[in-house]
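Q: Just so you know, the sequences run in chain order A and B.
Everything in the first sequence is counted per the UniProt record's numbering, starting at 1 for the first residue and increasing by one.
Everything in the second sequence is counted per the UniProt record's numbering, starting at 1 for the first residue and increasing by one.
Everything labelled a hint here was simulated from the structure, so no lab data went into it.
Possibly wrong hints are sitting among the right ones.
Sample of chain B residues at the chain A side, in silico, Cβ under 8 Å [as the list claims (entries may be wrong)]:
1. Phe-7
2. Ala-10
3. Cys-11
4. Gly-29
5. Ala-36
6. Ala-44
7. Ile-46
8. Ile-52
As the structure is a prediction and not an experimental result, all values here were calculated from the model.
Note that CB positions come from ideal geometry on N, CA and C, so glycine has one too.
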Amino acid sequence: MSIESMSGAAVADGLSVACLLLGAFLAMVAAIGLVRFPDLLSRMHAATKPQVLGLILIVIGLGLRLRNPTDVGMLVLIAMFQLLTAPVSAHMLGRTAFRKTPIRKDLLLVDELTPRLEERPDRPDDGPVGGER
Amino acid sequence: MNDTEFFVWACAAMLGIAAVLALVRMAIGPTMLNRAVAMDVLAATIVAGLAIEAAYNKHSTTLPILVVVSLVGFVGSVSISRFAARESREDH
């Protein structure tokens, strides 16, 4: 009985180490992309990897190591917060960057925002970012 | 140094590289929004570092700090993007 539970704990610890290593690796790769990529939108593409997948891997790794229902609840809360907030901040940053700063439009494959902005030239340039439907 | 310590040091090294590179991007900019993205990455790196320390020492003391740091990163980047939307073009 005790041997079985010990080996289960060992397996959980091993999985936890694997998840933590992968999460840390994703953070490093994202930071390399952050330095090397040419413009803000592609840098955001790199930056979202540790924010969502990397953080969830690290949270899973920590949960596998702690194995305590209270702590796992808190970790689920962290992952949920991150999943809810990362798209919002990425959306706002990308929209503001597209309107206000020079980005490499020649690198875009699809550009649906420029025609919409040209459709409504009466819009004040510095209006609220989230105001458009 | 046993295996576990080796893995922890490997994680710490990768996170250290990540933090330094995010700080490099934060320093060279060139716009405020780039710095906001770099700040997000730095916040995620800090959360990862705290989580790895908690996993190594097997304690749950820093879990509330993880929640707070991830929320502070969100509020920071959203407020920077709102602020940069109204800013003049000089800084960009």
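Q: Of all the hints given earlier, name the ones this structure violates by number, lowest first.
A: Structure breaks hints 4 and 7.
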